[in-house]
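Got chain A; can you put chain B on it based on the hints?
Protein chains in written order, with the numbering used here: chain A, 43 to 233; chain B, 43 to 233.
Hints listed in this document are in silico derivations from the structure and should not be mistaken for laboratory results.
Some hints could be false.
Remember, identical chains collapse to one label, so a pair may be satisfied in a single copy or spanning two.
[Stated by the list, open to error] Straight-line C-alpha distance at most 20 Å; calculated EDC-like pairs for lysine to aspartate or glutamate: (1) 63 / 201; (2) 123 / 233; (3) 125 / 148; (4) 125 / 100; (5) 55 / 131; (6) 44 / 233; (7) 123 / 148; (8) 161 / 230; (9) 161 / 48; (10) 55 / 159; (11) 143 / 53; (12) 125 / 159.
Protein chains: 2
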Amino acid sequence: MKELQERILQDGKNLGNGILKVDSFVNHQVDPMLMDACGREFARRFANVGATKILTAEISGIAPALTTAIHLGLPVVYARKHKPITMPDQVYLTLAPSHTKGRMVELIISPEYLANDEKVLIIDDFLASGATILGLVRLAEASGSRVVGIGALIEKLFEGGRASLESLGVPVESLACITKLGEDGKIEFRD
Amino acid sequence: MKELQERILQDGKNLGNGILKVDSFVNHQVDPMLMDACGREFARRFANVGATKILTAEISGIAPALTTAIHLGLPVVYARKHKPITMPDQVYLTLAPSHTKGRMVELIISPEYLANDEKVLIIDDFLASGATILGLVRLAEASGSRVVGIGALIEKLFEGGRASLESLGVPVESLACITKLGEDGKIEFRD
Numbered sequence: 043m044k045e046l047q048e049r050i051l052q053d054g055k056n057l058g059n060g061i062l063k064v065d066s067f068v069n070h071q072v073d074p075m076l077m078d079a080c081g082r083e084f085a086r087r088f089a090n091v092g093a094t095k096i097l098t099a100e101i102s103g104i105a106p107a108l109t110t111a112i113h114l115g116l117p118v119v120y121a122r123k124h125k126p127i128t129m130p131d132q133v134y135l136t137l138a139p140s141h142t143k144g145r146m147v148e149l150i151i152s153p154e155y156l157a158n159d160e161k162v163l164i165i166d167d168f169l170a171s172g173a174t175i176l177g178l179v180r181l182a183e184a185s186g187s188r189v190v191g192i193g194a195l196i197e198k199l200f201e202g203g204r205a206s207l208e209s210l211g212v213p214v215e216s217l218a219c220i221t222k223l224g225e226d227g228k229i230e231f232r233d
Numbered sequence: 043m044k045e046l047q048e049r050i051l052q053d054g055k056n057l058g059n060g061i062l063k064v065d066s067f068v069n070h071q072v073d074p075m076l077m078d079a080c081g082r083e084f085a086r087r088f089a090n091v092g093a094t095k096i097l098t099a100e101i102s103g104i105a106p107a108l109t110t111a112i113h114l115g116l117p118v119v120y121a122r123k124h125k126p127i128t129m130p131d132q133v134y135l136t137l138a139p140s141h142t143k144g145r146m147v148e149l150i151i152s153p154e155y156l157a158n159d160e161k162v163l164i165i166d167d168f169l170a171s172g173a174t175i176l177g178l179v180r181l182a183e184a185s186g187s188r189v190v191g192i193g194a195l196i197e198k199l200f201e202g203g204r205a206s207l208e209s210l211g212v213p214v215e216s217l218a219c220i221t222k223l224g225e226d227g228k229i230e231f232r233d
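Here chain A stands alone, though its shape is the one from the complex (with noise of 0.2 Å):
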């Protein structure tokens, strides 16, 4: 997507190892216009794919799985980090290494939101190593449902997620699709 490349280009910045940081327009402060236009391609992308609710990771996912879903129309559920005391004592959790912390983190789900023969879209907003994505995979399958697409706003090719979410056969799509993160600054696309 011409318009997410073009401003990853313009406002993110390439710390180094491996790192982009976008918190201009994605991650701290949220751009809503271009979110809104993620959405809708999202939502052209997987129109066909039978979706009956969108799955997201708090934080940063949550933007783009809810433009994602006003656009599609459907319901999107994000997995907390903590369980809230509104939670029942019977969930779906499961555990994921965090990219930004360090460490692993827990991945919650209420049974009450996830239901057996949910057609799941799985939205997100980086495609690293693909270990957050396949949490959510898990949860997805715990619950009973079936994972019918998974979308990420900004894939990092280098690191090999989308080889790990193969076996599942599903459509994977990523908005901006980022080759080489040089070490010289520059960030390189496919294309």
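Below, chain B alone, put in the same frame as chain A:
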């Protein structure tokens, strides 16, 4: 706002001890159409306050703040509760008590995205004691910005947060205003 009030009556759960569970459409699962309608309503109510930026707190504030931002065409910043590695060393930080965690949490904003002279509209999911919103007010003021309005999806009138915000002299709007969460499970609204 009738639509939100009816949804609270239909799907909200009064768990006792002043806790209202709205996890099926606000806090864990999000109804995107309802959230979009709430954003449109906030945009209407705050159309004339001259806001230049919307401010909220992760996690549950993100959805209503984002839809409000879409309808007002303004960037939204969400205060982080943990400092990510992409954030600079110098930040604005304050502490606020967390209702659902029973302890103090940090609210952190990077000076990159909240600068001098912004006119800040604060949007959050709940206005209860007002402690989180007052934390956001402190962050805004620390940056040299000015708060021009405060909006919450759901206000618990009986927790007195509104009084704590009065001295700011800005419009405070809630879309559903609860006067009582009865011990019999009843939910009572103003009007």
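Quick one: which hint numbers does this structure break? Sort them smallest to largest. 2, 8, 9, 10, 11 and 12
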